[in-house]
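Listed here are the chains, written in short residue letters.
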Amino acid sequence: MSNAKAVSDASFEADVINSEKTILVDFWAEWCGPCRAVAPILDQIAAEHGDKLEIVKLNVDDNPQTAMKYQITSIPALKVYKGGEVVKTIIGAKPKAALEADLAAFI
Amino acid sequence: MREIIIIGSGPAGFTAAIYAARAGLKPLLLASSVEAGGELMNTTEVENFPGFPEGIQGPELMLKLQEQAEKFGTEVVLDDVTAVHLAGDVKSVETGYSGTFEARSVIFATGSAYRKLGLHDEERLSGRGVSWCATCDGFFFKTKTIAVVGGGDSAMEEATFLTRFAEKVYLVHRKDSLRASKIMQERAFANDKIEFVWNSEVVGIQGENAVEGLQLRNTVDGSTSQLPVQGLFVAIGNDPRVHLVHGQLDLTAEGTIAVEGRSSMTNLPGVFAAGDVIDPHYRQAVTAAASGTVAALDAEAFLAALDQAEAEASDLVTAS
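Heads up: the sequence lines are chains A and B, in that order. Those letters in the first sequence? Residues 1 to 107, by full-length UniProt numbering. Those letters in the second sequence? Residues 1 to 320, by full-length UniProt numbering.
No wet-lab data here; the hints were simulated from the structure. Here the structure is a predicted model, which is why all the values come from computation and not from measurement. Any given hint might turn out to be false.
[To be verified] Chain B is faced by these chain A residues, among others (derived, beta-carbon under 7 Å): (1) T73; (2) S74; (3) I75; (4) A104.
[Unchecked claim] Computed list of lysine-lysine pairs in DSS-like fashion (alpha-carbon distance at most 25 Å, straight line): (5) A:K69 <-> B:K142; (6) B:K116 <-> A:K88; (7) A:K79 <-> B:K144; (8) A:K79 <-> B:K71; (9) B:K168 <-> A:K69; (10) A:K96 <-> B:K116; (11) A:K69 <-> B:K144.
C-beta: ideal position from N, C-alpha, C; glycine also.
Based on the provided sequences and hints, a complete structural model is requested.
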């Protein structure tokens, strides 16, 4: 799995909603093949653009409340939060170039 | 320059790699960045791959195939191919991040991609109830009512799998009979949670921020109806992935790469194709694996003939 910091139902408010940074949350699960495939790519993006975009991960099995609140029905789901609001949603694993294009406004 | 590059990492690609590696050709296998392992990575139990009487999980099977290919010297690169140049003696393959590779032969084992319904709201509601991957997304439909559209094995498998989570699964099919295998049909028929909706095609998906229902059209009398569901899983088949070779390789009327007879030979010398990308009919893990074997053997023979021709040419030069 990605090396990103794990956030939870309990910490989501503090770690994501109230954060001053722009944060990408990777909604994932152990049993999701495409989630495993995209994890190292997110690590690379974090390494290259970590100053502008913080990347964290939320395990949907362990944190159903947050997954339900944000109406997650497909994973991997990548949601960018800014000032507590979702400003971008990306569904499904994509190659690095495609993710960078989708995230161009934030990195 | 390399002897052989294999593009694709499903059963066809890895089996071709096992054979090519055992032949001492040190194959390079370009596996893609996010779809390595191919379609089986998104399946659960594989019950029809010979040698596994207890069944095997799709991802586990693919990891084992990769391990076997690497054991004999296959180099696996997790990158996406962006362009290929196939005419001429030197084939070149460009990738997203790993640069350009050159080889004397190339095997295409790029498989196929999920077909979409082609409806206006399909893309908009993707990730909001519309899905192509039951194993990835089924979990989110606990106690919900959903629909699976399709009539083949993958539709039956998805519908049956989804009953683990969903309250009810409608199986929407445009005909009144299925093309799925007998065992998969019987399993679906026997499942109390699955209800078949025959002779119906999905013509619309409703919902503002999430799927709320489907509009169906009866294929016999043309009447329309509504089906309230919170999820839609699309399993209406696959299209061969041939975008890389358009204009370079001949295709069949079905859109697959054209090969000569039962071989893997395309219209270009040194370029071979295997697996779902040449097969509009069978599309099984084991037929893909067999097809990968054919391609590796064809490539091996091609390279041997090239070596021999070069040796004879240099003998002639030496003799004169």
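(message) For a quick check of understanding: which of the numbered hints are violated here, in increasing order?
(response) 4 and 8
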